[in-house]
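Trainee: So the sequences go chain by chain: A and B.
Quick note on numbering: the first sequence equals residues 13 to 264 in our numbering.
Quick note on numbering: the second sequence equals residues 62 to 464 in our numbering.
The set of hints was computed from the structure by calculation and includes no laboratory data.
Each hint should be verified, as a subset may be incorrect.
[Claimed, not checked] Calculated lysine to any residue pairs in the SDA-like style (CA-CA distance at most 25 angstroms, straight line):
#1 A:Lys130 with B:Ala432
#2 B:Lys319 with B:Ala432
#3 A:Lys95 with B:Asn383
Letter by letter, the chains look like this.
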Amino acid sequence: MADLIIRGLHADVLTEEGSKPILKGVDLTAKTGEIHAIMGPNGSGKSTLAYAISGHPKYRITAGSVTLDGVELSTLSVDQRAKAGLFLGMQYPVEVPGVSMANFLRTAKTALDGVAPKVRSWPKEINAALELVGLDATFGARSVNEGFSGGEKKRAEIAQLHILNPMFAILDEIDSGLDIDAVREVAEGINTYAAQGDRGVLLITHYTRILRYTKPDFVHVFVDGKVVQEGGQELADLLEVAGYERFTRGHA
Amino acid sequence: MEIASQQVESHLHPKPSFDVADFPMPTGREEVWRFAPLPRFAELLTEPPTDFADIQMTLQAPVGVTLSTLGVGVGVRGSVLLPVDRVSVLAAKVSQARHIRIADAVRLTEPIVITVTGKGERAAEHIVIESGVASEAIIVVEHRGSAVFCGNIEVVVKDAAKITVVSVQDWAPDALHGGMHAAAVGTDAQYRHVMMTFGGDAVRIQNSVYYTGSGGNAELYGLYFADAGQYQEHRLSVDQNAAHTTSYVDYRGALQGKGAHTVWVGDVFIRRQAVGISSYEANKNLVLTDGCRADSVPNLEIETGNIKGAGHSSTTGRFDDNQLFYLMSRGLSSSEAKRLVIQGFFYDIIRRIGIAELEERLKTHVDAELAKTIDRAETSLCPPPLPEQLRHEAPQPQIEKQE
Chain A
13 MADLIIRGLH ADVLTEEGSK PILKGVDLTA KTGEIHAIMG PNGSGKSTLA
63 YAISGHPKYR ITAGSVTLDG VELSTLSVDQ RAKAGLFLGM QYPVEVPGVS
113 MANFLRTAKT ALDGVAPKVR SWPKEINAAL ELVGLDATFG ARSVNEGFSG
163 GEKKRAEIAQ LHILNPMFAI LDEIDSGLDI DAVREVAEGI NTYAAQGDRG
213 VLLITHYTRI LRYTKPDFVH VFVDGKVVQE GGQELADLLE VAGYERFTRG
263 HA
Chain B
62 MEIASQQVES HLHPKPSFDV ADFPMPTGRE EVWRFAPLPR FAELLTEPPT
112 DFADIQMTLQ APVGVTLSTL GVGVGVRGSV LLPVDRVSVL AAKVSQARHI
162 RIADAVRLTE PIVITVTGKG ERAAEHIVIE SGVASEAIIV VEHRGSAVFC
212 GNIEVVVKDA AKITVVSVQD WAPDALHGGM HAAAVGTDAQ YRHVMMTFGG
262 DAVRIQNSVY YTGSGGNAEL YGLYFADAGQ YQEHRLSVDQ NAAHTTSYVD
312 YRGALQGKGA HTVWVGDVFI RRQAVGISSY EANKNLVLTD GCRADSVPNL
362 EIETGNIKGA GHSSTTGRFD DNQLFYLMSR GLSSSEAKRL VIQGFFYDII
412 RRIGIAELEE RLKTHVDAEL AKTIDRAETS LCPPPLPEQL RHEAPQPQIE
462 KQE
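If we strip away everything but chain A, and leave its shape as in the complex, we get:
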């Protein structure tokens, strides 16, 4: 199975004032075919975990390892990690003016598969993925994320997830800024992807709202740069009622 295995992961964020340690020994195993949720309060390092695994230049892994399907990711370039099967759905998807979604995704698909997608079926594939997340076909011709509303950006991330269909998806606060209908549609998009059965999902969130629609098999509570407790869906239910306070006491 193509598992994501994180062991003793330490990472720094690089700022103008210097580097600052954020991840302080993360241990986590997420098997494909399962949905994992990482929950934690603001500032606990959840997004840093997503960026560090994906190779964002502003984050540096200082110790530990992260492997996907046995391949060590931390030494790979960002695109090599994507080619190893990793996908990052971002909290703040980036605008790229002048580059159409269709052109961008076609270039990405070609890079990942090693061959260009078929000219005849490609527009249909794009439209189907857009439709699945409630976006109309005009989005294919629009510049990447430019002028999209917050909700449209998140829907477009899930459309990309479907088109690129990676082995493993890390979705960073994919539910933030979404209204209730959008949360449901985005969650359904994730479920459809996960239903393939051999794909992995690591859902990073600090609200339990999306977990009503996308049921996690495992919940990891993340505080101060590491996982402090693990459990099943019941752990999310407990957090819904009690909040993070019992985990953060003594850390803040």
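Go by the hints and put chain B onto chain A.
Mentor: Below, chain B without anything else, positioned relative to chain A:
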């Protein structure tokens, strides 16, 4: 309605003249020549011993368009383009100008394409485009081959006309090109000018616009790509001399390789009588490697505050880390991501033109340039891990009032 004379009283601009003697050989201390590497322009600046060599020029003109020539001072020639430097005055002296006349109310669906091909000699052209009232046309001038070229394009945009002029500098690597483009925009007319400078050794073009009535609109777009050793200077001048007119200037440049040097100077004058106008000028430069220099000078001179808006912005920087990360996180290699960002940087301008066929034509030029320069120079495209963003933006109008 009061229309000011075309003689712009501005400290930034020399007085126009048709006499070469009024523009002596520049020394580099003149405001308008202070950026240019004068020794490289020397051959362009000397008066030719005889007349210029002929340049090969091909032209396809559809029905409703008359082609002829105009002698110095004949017809509209010299009524709009008033030379402001030594190169433009040399081109203005060409004995016969090409005259392209579009009849009133003619609406052309196909562009008029003029191909200027240099044959390695000193050459000069003065092209006069005279549009009829309410006519519509696209004129594309493509410069190719090798030449030491003085080129002027003079455009009369009659009332309610919609005229688009595209000038593509696709020269061989040793070409020199200087000169001036100038347009007079009539009442409720629309003038669009697209400058695309990719080739040549050194190119320096003055592009000027003024209005002959109220309600006119001018959009001046530019794309340039300076590779190692190339010098490209674009000087924009918009004389907002009539009420309720609008202007929008947007120039984008990419620079790569040792000694690549671009200069953009944007001047907008808002005259006392130009009430209710709006104007914006922007210049963005993408510096791809070390060893390049991008000069960007937006100027705004305002004589009335009774306007809708006036502003400018200038940005010079390296790649945006977040854009590259985002694209690479989807599997694009560093070089593919950079190529896409640069392509988008240029396409972003092209898509504003709104004429599908012309957009495709210009995109083809961009893609050819990127295939030539980016793919070849890929190994040298290595910005530091945390590139420093040099950024100066002034999205709000920066107004200096002159009473």
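Trainee: The structure should be examined with respect to each hint, and the outcome stated for every one.
Mentor: Quick rundown of the hints versus the structure:
Restraint check for A:Lys130 and B:Ala432: satisfied, since their Cα atoms lie roughly 23 angstroms apart, inside the 25 angstroms limit. Only pairs whose Cα atoms come within 25 angstroms are accepted, and B:Lys319 paired with B:Ala432 is accepted, the gap being roughly 19 angstroms. With a C-alpha separation of about 19 angstroms, the suggested pairing of A:Lys95 with B:Asn383 holds against the 25 angstroms cut-off.
The structure agrees with every numbered hint stated previously.
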